[in-house]
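J.: In case you want the letters, here they are:
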Amino acid sequence: MNTLFVIVFLACAALLFVSAPENFLTALLDGASKSATLCCSLIATYAVWLGLMRVWEDCGIARKTSRLLKPALKRLFQTDDNAAIDAISMNISVNLLGISGAATPYGITAAKLLDKTPQAEYASAMFFVLNATSLQILPTSLIAVRVALHSAAPNDIVLPILLTSALSTVLGVILTRIFIKPVQSHKVSAAKKQTEFFKTHRAGI
Amino acid sequence: MTHFFSLLIPLIFFLSFGYALFKKVKVYDSFTEGVKGAIPLVVSVFPYIASVTMLSKLLQASGLENYISHFLAPTFDKIGVPEELAPLVLVKPLSGSGALAVLSELLERYGVDSYIARCACVVYGSSETIFYIGAVYFAGLKRKSLPAAILIALFSYLVSIIFGCFLCRIM
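Chains V and B, in that order, are what the protein sequence lines are.
The first sequence lines up with residues 0 to 204 when you count with numbering that gives the first Met the number 0.
The second sequence lines up with residues 0 to 170 when you count with numbering that gives the first Met the number 0.
Hints are computed from structural coordinates only; laboratory data are not their basis.
Where hints are given, some of them may not hold.
[What the hints assert, rightly or not] Capping the alpha-carbon separation at 30 Å, the derived lysine-lysine pairs in DSBU-like fashion look like this:
(1) K22(B) <-> K73(V)
(2) K73(V) <-> K35(B)
(3) K143(B) <-> K115(V)
(4) K77(B) <-> K69(V)
(5) K22(B) <-> K33(V)
[Claimed, not checked] Beta-carbon label-pair distances, calculated as ranges:
(6) L67(V) <-> L7(B): 14 to 22 Å
(7) R108(B) <-> P181(V): 28 to 36 Å
(8) A12(V) <-> K23(B): 58 to 66 Å
(9) A12(V) <-> L10(B): 35 to 43 Å
(10) D28(B) <-> S18(V): 53 to 61 Å
(11) L9(V) <-> I11(B): 24 to 32 Å
(12) K63(V) <-> R108(B): 41 to 49 Å
[Claimed, not checked] Quick look at which bits of chain V chain B covers, simulated, 3 or more residues with Cβ under 8 Å:
(13) 8 to 20
(14) 72 to 81
(15) 111 to 122
(16) 133 to 145
(17) 157 to 164
(18) 169 to 177
Quick caveat, the model's predicted, so the values are computed rather than measured.
Where is the CB? At the ideal position from N, CA and C, for every residue including glycine.
Produce the entire structure from the sequences given, and follow the hints as far as they go.
T.: What follows is the structure in structure tokens.
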């Protein structure tokens with residue numbers, strides 16, 4: 000991200016320097032004020048959903064969800080570690096609501112705990128893919144942005160998003176199941192993929 | 000369908016608060032305690048949102064964005080994705096707040112209810128910040144399977160973009 004930021008920034012600055020240097024500061028200030036407005040509407044959304052989530056935690060709905068998801072998660076991650084499963088189910092529940100910022104603390108805890116389980120290679124990969132393919136049911140921040148911009152039908156996008164993220168999650172889980180099997184016999188091919196990956200993507204990160 | 004989702008959210012609140020009352024939770028105290036977390040959360044993402052918004056404004060003002068879009072347009076056209084989505088599709092795997100900034104730009108420029116805007120919303124809403132999650136969740140953990148997992152996630156992302164834009168066309 001650092002490399003990308005500097006390269007794009009300098010490229011733009013150079014272009015503007017040649018074409019319209021007076022627009023440079025205007026563009027920066029314009030961007031900053033846009034982001035301030037955006038953050039205000041985000042505070043509003045997060046206030047609503049984090050409030051609700053706290054109520055869930057306090058009245059035991061959160062713990063019940065975790066117990067409900069446990070059998071499925073046990074099979075998916077091949078682990079019996081209760082603490083890890085608790086963290087995973089909180090992470091998933093928050094993700095379903097579309098507040099990925101609030102999902103991060105649970106996600107980090109879950110990743111650390113999964114790393115210590117016997118099937119760590121597989122479980123970590125599965126947890127990553129599950130998070131990286133998005134599990135949203137209610138795209139809350141998105142609806143907030145649409146409401147703020149006076150959309151005629153702010154909820155119109157809910158169904159397509161639901162179907163699309165379901166597709167990407169199912170696809171991701173199946174591919175992980177096929178290519179990163181729960182048994183640790185794929186070290187060689189994983190290592191090969193790693194070198195390939197770094198060749199192509201180092202610049203991007 | 001839209002009507003159903005408009006009902007869903009009040010229903011969730013109604014049931015949650017009702018259940019909390021039944022469980023003798025002090026709903027007001029509990030709710031306000033949760034709300035307290037909103038500002039720190041937004042404060043922690045503000046620097047990233049602000050920097051990327053500034054960058055996206057620069058991209059626009061300098062005209063570089065147009066070059067990039069023109070360069071990618073044929074490829075995007077072939078897979079049925081509007082070329083205007085190019086910046087969003089590229090930023091999303093790297094930074095969620097950056098993508099949110101790019102998205103609100105697109106929504107303002109083309110109108111919230113336009114076809115492009117709906118596609119943009121679906122791409123934004125149905126995907127995740129693949130590289131960010133990899134960096135944050137697995138910071139310090141060295142698992143050999145992760146690079147393969149990132150490739151799987153990127154592939155699923157690509158498929159979901161194509162599928163999402165297709166859905167927007169027919170729905």
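J.: Now tell me if each hint is right for this structure.
T.: Here is what the structure says about each hint:
1. With a CA separation close to 29 Å, the supplied pair K22(B) and K73(V) stays within the 30 Å bound.
2. Restraint check for K73(V) and K35(B): the C-alpha separation of about 33 Å exceeds 30 Å, so the hint is violated.
3. For the suggested pair K143(B) and K115(V), the alpha carbons sit about 14 Å apart, so the restraint of at most 30 Å is met.
4. At most 30 Å may separate the alpha-carbon atoms for a hinted pair to count; K77(B) and K69(V) exceed this at roughly 43 Å.
5. This hinted pair does not check out: K22(B) and K33(V) have alpha carbons roughly 43 Å apart, beyond 30 Å.
6. In this structure the hint that L67(V) and L7(B) lie 14 to 22 Å apart at CB holds, the actual value being about 19 Å.
7. Between R108(B) and P181(V) the beta carbons are some 47 Å apart, a value that contradicts the proposed interval 28 to 36 Å.
8. Roughly 60 Å separates the CB atoms of A12(V) and K23(B), a value that falls within the hinted 58 to 66 Å.
9. At roughly 51 Å, the beta-carbon separation of A12(V) and L10(B) lies outside the given 35 to 43 Å, and the hint is violated.
10. At roughly 57 Å, the beta carbons of D28(B) and S18(V) sit within the given window of 53 to 61 Å.
11. Checked against the given bound of 24 to 32 Å, the beta carbons of L9(V) and I11(B), roughly 47 Å apart, lie outside it.
12. For the hinted restraint 41 to 49 Å between K63(V) and R108(B), the CB-CB distance of approximately 44 Å keeps it satisfied.
13. Here's how the stretch 8 to 20 of chain V fares: 8 of its residues keep a CB closer than 8 Å to some CB of chain B, so the rule of at least three is met and the hint holds.
14. For a cut-off of 8 Å, the count of residues in the stretch 72 to 81 of chain V with a CB near a CB of chain B stands at 0, and the three-residue condition is violated.
15. Counting residues of the stretch 111 to 122 of chain V whose beta-carbon sits less than 8 Å from any beta-carbon of chain B gives 5, enough to reach three: the coverage restraint holds.
16. By the rule of at least three residues with a Cβ nearer than 8 Å to a Cβ of chain B, the coverage given for the stretch 133 to 145 of chain V holds, with 8 such residues.
17. For the stretch 157 to 164 of chain V, the proposed coverage by chain B is satisfied: 7 residues have a C-beta within less than 8 Å of a C-beta in that chain, meeting the threshold of three.
18. For the stretch 169 to 177 of chain V, the stated coverage by chain B is satisfied: 4 residues place a CB nearer than 8 Å to a CB of that chain, which reaches the threshold of 3.
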